[in-house]
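Undergrad: So the protein lines, in turn, are chains A and B.
Residue numbers are given in numbering that gives the first Met the number 0: position 169 of the first sequence equals residue 168, and the series is strictly consecutive.
Residue numbers are given in numbering that gives the first Met the number 0: position 226 of the second sequence equals residue 225, and the series is strictly consecutive.
Hints are not guaranteed to be accurate.
Stated by the list, open to error - Each computed DSSO-like pair below joins lysine-lysine, with the alpha-carbon atoms no more than 27 Å apart:
id: 1; chain 1: A; residue 1: Lys167; chain 2: B; residue 2: Lys25
id: 2; chain 1: B; residue 1: Lys127; chain 2: A; residue 2: Lys167
id: 3; chain 1: B; residue 1: Lys127; chain 2: A; residue 2: Lys23
id: 4; chain 1: B; residue 1: Lys167; chain 2: A; residue 2: Lys167
id: 5; chain 1: A; residue 1: Lys23; chain 2: B; residue 2: Lys167
id: 6; chain 1: B; residue 1: Lys78; chain 2: B; residue 2: Lys23
id: 7; chain 1: B; residue 1: Lys23; chain 2: A; residue 2: Lys186
id: 8; chain 1: B; residue 1: Lys23; chain 2: B; residue 2: Lys151
id: 9; chain 1: B; residue 1: Lys151; chain 2: A; residue 2: Lys106
id: 10; chain 1: B; residue 1: Lys106; chain 2: A; residue 2: Lys73
id: 11; chain 1: B; residue 1: Lys73; chain 2: A; residue 2: Lys127
id: 12; chain 1: B; residue 1: Lys10; chain 2: B; residue 2: Lys71
id: 13; chain 1: A; residue 1: Lys186; chain 2: B; residue 2: Lys215
id: 14; chain 1: B; residue 1: Lys167; chain 2: A; residue 2: Lys127
id: 15; chain 1: B; residue 1: Lys186; chain 2: B; residue 2: Lys127
id: 16; chain 1: A; residue 1: Lys167; chain 2: B; residue 2: Lys186
id: 17; chain 1: A; residue 1: Lys10; chain 2: B; residue 2: Lys106
id: 18; chain 1: A; residue 1: Lys127; chain 2: B; residue 2: Lys215
id: 19; chain 1: B; residue 1: Lys186; chain 2: B; residue 2: Lys215
id: 20; chain 1: B; residue 1: Lys25; chain 2: B; residue 2: Lys151
id: 21; chain 1: A; residue 1: Lys25; chain 2: B; residue 2: Lys167
id: 22; chain 1: B; residue 1: Lys106; chain 2: B; residue 2: Lys167
id: 23; chain 1: B; residue 1: Lys186; chain 2: A; residue 2: Lys215
id: 24; chain 1: B; residue 1: Lys23; chain 2: A; residue 2: Lys10
id: 25; chain 1: B; residue 1: Lys167; chain 2: A; residue 2: Lys10
id: 26; chain 1: A; residue 1: Lys198; chain 2: A; residue 2: Lys215
id: 27; chain 1: A; residue 1: Lys167; chain 2: B; residue 2: Lys95
id: 28; chain 1: B; residue 1: Lys127; chain 2: A; residue 2: Lys25
id: 29; chain 1: A; residue 1: Lys127; chain 2: B; residue 2: Lys198
id: 30; chain 1: A; residue 1: Lys167; chain 2: B; residue 2: Lys10
id: 31; chain 1: B; residue 1: Lys167; chain 2: A; residue 2: Lys106
id: 32; chain 1: B; residue 1: Lys71; chain 2: A; residue 2: Lys127
id: 33; chain 1: B; residue 1: Lys95; chain 2: A; residue 2: Lys127
id: 34; chain 1: B; residue 1: Lys10; chain 2: A; residue 2: Lys10
id: 35; chain 1: B; residue 1: Lys10; chain 2: B; residue 2: Lys95
id: 36; chain 1: B; residue 1: Lys186; chain 2: A; residue 2: Lys25
id: 37; chain 1: B; residue 1: Lys71; chain 2: B; residue 2: Lys151
id: 38; chain 1: A; residue 1: Lys23; chain 2: B; residue 2: Lys78
id: 39; chain 1: B; residue 1: Lys73; chain 2: A; residue 2: Lys186
The hints are simulated quantities; they were obtained by calculation from the structure and are not laboratory data.
There are 2 protein chains.
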Amino acid sequence: MSLIFRPLFEKQSSTYTYLLADAKTKEAVIIDAVDQTQQRDIGLIEELGLQLKYIIETHIHADHITSSCPLKQKFTSAKIVLGENNSVACADILIKDGESLSFGSYKINAIATPGHTNGCMSFVIGDKVFSGDSLLIRSCGRCDFQDGSAAKLFDSIQRLFALPEATKVYPAHDYGGRTLSSIWEEKAFNQMIGGGVDKAEFVRRVEAMELSLPAKIHVAVPANQVCGSKIVAHDK
Amino acid sequence: MSLIFRPLFEKQSSTYTYLLADAKTKEAVIIDAVDQTQQRDIGLIEELGLQLKYIIETHIHADHITSSCPLKQKFTSAKIVLGENNSVACADILIKDGESLSFGSYKINAIATPGHTNGCMSFVIGDKVFSGDSLLIRSCGRCDFQDGSAAKLFDSIQRLFALPEATKVYPAHDYGGRTLSSIWEEKAFNQMIGGGVDKAEFVRRVEAMELSLPAKIHVAVPANQVCGSKIVAHDK
Numbered sequence: 000m001s002l003i004f005r006p007l008f009e010k011q012s013s014t015y016t017y018l019l020a021d022a023k024t025k026e027a028v029i030i031d032a033v034d035q036t037q038q039r040d041i042g043l044i045e046e047l048g049l050q051l052k053y054i055i056e057t058h059i060h061a062d063h064i065t066s067s068c069p070l071k072q073k074f075t076s077a078k079i080v081l082g083e084n085n086s087v088a089c090a091d092i093l094i095k096d097g098e099s100l101s102f103g104s105y106k107i108n109a110i111a112t113p114g115h116t117n118g119c120m121s122f123v124i125g126d127k128v129f130s131g132d133s134l135l136i137r138s139c140g141r142c143d144f145q146d147g148s149a150a151k152l153f154d155s156i157q158r159l160f161a162l163p164e165a166t167k168v169y170p171a172h173d174y175g176g177r178t179l180s181s182i183w184e185e186k187a188f189n190q191m192i193g194g195g196v197d198k199a200e201f202v203r204r205v206e207a208m209e210l211s212l213p214a215k216i217h218v219a220v221p222a223n224q225v226c227g228s229k230i231v232a233h234d235k
Numbered sequence: 000m001s002l003i004f005r006p007l008f009e010k011q012s013s014t015y016t017y018l019l020a021d022a023k024t025k026e027a028v029i030i031d032a033v034d035q036t037q038q039r040d041i042g043l044i045e046e047l048g049l050q051l052k053y054i055i056e057t058h059i060h061a062d063h064i065t066s067s068c069p070l071k072q073k074f075t076s077a078k079i080v081l082g083e084n085n086s087v088a089c090a091d092i093l094i095k096d097g098e099s100l101s102f103g104s105y106k107i108n109a110i111a112t113p114g115h116t117n118g119c120m121s122f123v124i125g126d127k128v129f130s131g132d133s134l135l136i137r138s139c140g141r142c143d144f145q146d147g148s149a150a151k152l153f154d155s156i157q158r159l160f161a162l163p164e165a166t167k168v169y170p171a172h173d174y175g176g177r178t179l180s181s182i183w184e185e186k187a188f189n190q191m192i193g194g195g196v197d198k199a200e201f202v203r204r205v206e207a208m209e210l211s212l213p214a215k216i217h218v219a220v221p222a223n224q225v226c227g228s229k230i231v232a233h234d235k
């Protein structure tokens, strides 16, 4: 095994941050890093002697502020990566569906999965998919802001369901303490789309979610549109 | 890969529960299951079609109540496993240092690691060690109740440090959202015992911890001495 893989959890927003690295070359990527845990993450990257190459966001989050900008200030050769359908001044790479990046001997394949937001991107690395808020464990992201679309999300999840069934699913959140799932499990048991639910029923279920807005949305979205830069990353 | 491996998190006590299974035979073990998340764990075991063989506790916990008893009521052929140095009426197997159990093609090796409590046991499965509260990520368990001993814990951690350095460390808790470590990292960076700290200094550091008692200790310890049986598993 030459892949270093560290799932990390931020309790307040129940966000998973993923650190991956090639154990030989030490090149590393971090996915969905959170401002509140940036010291933990910086400390771990330094202790493991990693060279951070890519700071990846699956999307512009509404529930927490990213630490992309502070991480880049610390690891100055790292590039910030977001899907192309995002209005962000700070991204170094606006990745397109089907494009790939590499770290050491590992490849990251981008799959556009719009729906939760229009800019959502999932990333496949080997037998793992980092599905952001597109596919959650037994659930999926809401579609009622940031140009969300339940119909698009249905199509996006079908693309994820076309991955090998043994593919491990690592979402951006879980609110029940689960840390991973698999494509076959979600095809079978996902409560929004599993068991062969059709698009009309899926859209009906998403529209019936009845969730209040994330507490931090009015701070987090603008802050994340500049990758968590300190200029705007505070409450007004 | 024919090992199913699911780390699961219980937020209130920051406890990790680990579900492992042989993907072919479906025989499974669960380590340090928590009462509050028993429905989640039962649901997952059922969805994955697993046959729960062993319900393992690394020790008698003081911060949460185990779901061993309810799990056994549900999966009636499962055996409850605890280290031999525990006063528990409910254990089916009081395992000794050096003994092993198996599930499918996987072997579980018990290593006595007294110190946090006198009955603490760690379990090695392949390249993973489930270290309970003996070795935490960058830390270790306290030693001020349940016949704890910092001197014994020092010797116990030396036994864990004798495992291959690439061994992945999965503790019973992490309070900072980290999900795993490795033996080499803890040898290098553990703040209590890393970097070649000697026994006298380790004991001094453990004794200087100054922690208040776990909120649930007076309920959890007696409840866990009967494996979370409903008779005592409630506040008085």
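Undergrad: A separate judgement is required for each hint: does it hold in the structure or not?
TA: Checked hints:
| no. | hint | result |
| --- | --- | --- |
| 1 | Lys167/A <-> Lys25/B | 18 Å, holds |
| 2 | Lys127/B <-> Lys167/A | 19 Å, holds |
| 3 | Lys127/B <-> Lys23/A | 20 Å, holds |
| 4 | Lys167/B <-> Lys167/A | 19 Å, holds |
| 5 | Lys23/A <-> Lys167/B | 17 Å, holds |
| 6 | Lys78/B <-> Lys23/B | 21 Å, holds |
| 7 | Lys23/B <-> Lys186/A | 20 Å, holds |
| 8 | Lys23/B <-> Lys151/B | 39 Å, violated |
| 9 | Lys151/B <-> Lys106/A | 46 Å, violated |
| 10 | Lys106/B <-> Lys73/A | 43 Å, violated |
| 11 | Lys73/B <-> Lys127/A | 32 Å, violated |
| 12 | Lys10/B <-> Lys71/B | 23 Å, holds |
| 13 | Lys186/A <-> Lys215/B | 39 Å, violated |
| 14 | Lys167/B <-> Lys127/A | 19 Å, holds |
| 15 | Lys186/B <-> Lys127/B | 16 Å, holds |
| 16 | Lys167/A <-> Lys186/B | 30 Å, violated |
| 17 | Lys10/A <-> Lys106/B | 33 Å, violated |
| 18 | Lys127/A <-> Lys215/B | 38 Å, violated |
| 19 | Lys186/B <-> Lys215/B | 31 Å, violated |
| 20 | Lys25/B <-> Lys151/B | 37 Å, violated |
| 21 | Lys25/A <-> Lys167/B | 18 Å, holds |
| 22 | Lys106/B <-> Lys167/B | 16 Å, holds |
| 23 | Lys186/B <-> Lys215/A | 39 Å, violated |
| 24 | Lys23/B <-> Lys10/A | 34 Å, violated |
| 25 | Lys167/B <-> Lys10/A | 23 Å, holds |
| 26 | Lys198/A <-> Lys215/A | 30 Å, violated |
| 27 | Lys167/A <-> Lys95/B | 35 Å, violated |
| 28 | Lys127/B <-> Lys25/A | 22 Å, holds |
| 29 | Lys127/A <-> Lys198/B | 42 Å, violated |
| 30 | Lys167/A <-> Lys10/B | 23 Å, holds |
| 31 | Lys167/B <-> Lys106/A | 24 Å, holds |
| 32 | Lys71/B <-> Lys127/A | 33 Å, violated |
| 33 | Lys95/B <-> Lys127/A | 37 Å, violated |
| 34 | Lys10/B <-> Lys10/A | 8 Å, holds |
| 35 | Lys10/B <-> Lys95/B | 31 Å, violated |
| 36 | Lys186/B <-> Lys25/A | 20 Å, holds |
| 37 | Lys71/B <-> Lys151/B | 32 Å, violated |
| 38 | Lys23/A <-> Lys78/B | 42 Å, violated |
| 39 | Lys73/B <-> Lys186/A | 26 Å, holds |
The structure shown violates the earlier hints numbered 8, 9, 10, 11, 13, 16, 17, 18, 19, 20, 23, 24, 26, 27, 29, 32, 33, 35, 37, 38.
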